[in-house]
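A.B. asks: Chain S: place on chain A using the hints.
These protein sequences, in sequence, are chains A and S.
FYI, the working numbering numbers position 281 of the first sequence as 281, with every residue one higher than the one before it.
FYI, the working numbering numbers position 335 of the second sequence as 335, with every residue one higher than the one before it.
If you are wondering where the hints come from, they were derived from the structure by calculation, not from laboratory data.
Ideal Cβ positions, reconstructed from N, Cα and C, are used throughout, including at glycine.
Each hint should be verified, as a subset may be incorrect.
[What the hints assert, rightly or not] Have a look at the derived ranges for each label pair, beta carbon to beta carbon:
no., chain 1, residue 1, chain 2, residue 2, range
1, S, Trp115, A, Asn245, 37 to 47 Å
2, A, Asn245, S, Met135, 34 to 44 Å
3, S, Arg53, A, Thr248, 50 to 60 Å
4, S, Leu16, A, Val149, 18 to 28 Å
5, A, Gly159, S, Val329, 25 to 35 Å
6, A, Gly159, S, Pro265, 25 to 35 Å
7, S, Phe131, A, Leu247, 33 to 43 Å
[What the hints assert, rightly or not] Covered stretches of chain A (chain S as the covering partner; in silico rule of three or more C-beta atoms under 8 Å from a C-beta of chain S):
no., stretch
8, 187-197
9, 269-282
[Said to hold, decoys possible] Computed list of lysine-lysine pairs in DSBU-like fashion (alpha-carbon distance at most 35 Å, straight line):
no., chain 1, residue 1, chain 2, residue 2
10, S, Lys246, S, Lys6
11, S, Lys124, S, Lys256
12, A, Lys23, S, Lys236
13, S, Lys246, S, Lys256
14, S, Lys81, A, Lys189
15, S, Lys236, S, Lys124
16, A, Lys23, S, Lys124
17, S, Lys246, S, Lys236
18, S, Lys85, A, Lys189
19, S, Lys236, S, Lys256
20, S, Lys246, S, Lys124
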Amino acid sequence: MSLTLPKTVSAPSSRRFGWWTSKPIVRMRRDRATMTGVALVLAFALIALLAPLIAPPQGNCARDLGIPAGSSIYHPARSAFWRAVLAAPPSCYQITRVTFDPVPAPPSRTAWFGTSQGYDIFYGIVWGTRTMLRMGLIIVAINLILGTVIGLISGFYRGVVDLVIQRVIDVIFAFPGLILTVVLVALFKPSTGTIILAFVATGWASYARILRGDVLRVRELEFVDAARSLGASDLRLMLVHIVPNSLTSLLTQVVLDLGTVPLGIAALSFLGLGFPVGYADWGQLLNFARAWIQGPPGQPLAYWYVTLFPTLAILCFSLGWNLVGDGARDAFDPRDN
Amino acid sequence: MVFFLKRLLQLPVVMLTLTLLIVGLLQFLSPAERASAYVTSDAQARNLDLIIRDRGLDQPFPIQYGRWLSAALQGDLGFSKASNKPVTETIRERLPATAELALAAAFPIIVCGIWLGTTAALHKNRFLDRFLRLMATAGFSLPTFVLGILLLVIFYGALGWFPGNGNLSVLYQITLASPEFHRYTGMVTVDSLLNGQWAMWLDALHHLVLPALTLILTSSAVILKVMRAQLLEVLKSDYVRTARAKGLAERVVIGKHARRNALLPIVTFSGFVFIGLLGGVLFTETIFGYPGIGEWGGQAALRFDVPGVIGFALLNAVVVVVVSTLTDVLYGIVDPRVRFS
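Next up, chain A with everything else stripped away, as it sits in the complex:
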């Protein structure tokens, strides 16, 4: 297939940009589905980054940022602008409450997507994007590091340590979907810390297993023997010779997890096991919607906005990451090279 591809005559390809023209990346760049996914993911990343500009802070959040009443946030010279974008205070993640009337109000000029339980749906979705990506990044980063370390130890030293670690991983893998996470959150009472803990407790296993497999394969190769006979320490062997060989499989897992972990958090919130009421996250908005499935008599779809906007947000987010994940898996699949 690739025979027909015009060979790009690149300028003396500098090492720094070599990855851009590497085969898997080129393959991803040429795949329309993957690029749609990339576009969706980038759009969400932008929304998350620019949340304070899209849904301007009000109330406590504006006060904590030190924005005087009556003036706006759109002023790059003020420190409030940068603080809101880079390090927003916790109060900003609290959804603006438009009214204390729980009955949903349709989209209007004050609340663009309407209100649900009195909360502004638009604000919840925009800042919820930030919650989703932020939690995803934190959890996946911890999982990656923890899983890598445990996988290295398991594969490199083998023996009893390996056996115990592998049995624990078996148990974690045995549980379907989110059940173990739900159980952990429930046993330790929901909070941001518990949520991170629960996702880390179940998430490190896939990284550990990937890395262990690679370690077992690579450690027998000649270049590792050569390095060892040159007197390289265990640590050096692992970090310089083994880990770089596993990077692509780890990366694919990271991309997949960045999509699934936030959705898992949304699912927990939907069950009522996530953040406190009023915190900006999509699962909670959908949980609110459960009370307004049916409109008042005669107008069955009167509260459409309560369900539609959170659903669309979750669907687009999930679709984006799935397309990117599928594309990455296909592009890096060694069987196709």
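C.D. replies: Coordinates of chain S only, in the frame set by chain A:
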């Protein structure tokens, strides 16, 4: 035979590791919190120390684990606040409803998945294939809880075609509770038939449609993708070329030579899908107020019902271990290469 025995021996090992982990986790709670698992009345709640001493909840971990295990083996898993009944009794009552839902979903998932996957593979890169793959990605991308709410809004809220709550109408719940009604299996669709209650049977089916559909739509995609990939792989093989060269009809080549071999991995994936359904059941049952294990698990998690949550986790683990053992054994039967290698 050795293969099957080896596989069966893994069962207790996984279960033992799991219970060790669970009781280990409980050590993070205080003895009083652990004791609350066995409280069934107010009088007992005032005498927590008695329970702690009685059950040895302040003893070292190995002793606690031993006592917990022997109690669990005798069917004593504590008292669930969420169902207001002992855990074992709750499971016995609710498991049939969940089994009913899972079975109602599993067959359509596998059949649709195989059929659609075959169709997609035979139309590779043409419109039908692209369309089916797009649908599969969309179905795969929709989390169960989102799809459930969507179906509820459309078919219950807007159109009113299906009921949105429970597994029976109130009228038939009375029938269900009456002494003349024999509960043979605990599954309402089966029991109503066995009791000759046709109207009740229709009502139960009517309630089953939306929850089952939620599971079917989210899970068929996996089977579709695997089936398509497998069939494409098999179609490239030598024996398919030979079959075509012999002049066999395309229908025979696909149906007898190609598809049967492509079906092998589907056995394993059906196991995965069934296990995945357990996760889906938690959300589906919560959304549709379906009185099964998932709904109870969700309630238990919300209400800090420790024995309920642990019972729920254990039950899931048992089902997972049993199902994956069964799929492995089944795979060994279907594919002789596994047995003899």
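A.B. asks: What are the numbers of the hints that this structure violates, sorted from low to high?
C.D. replies: 10
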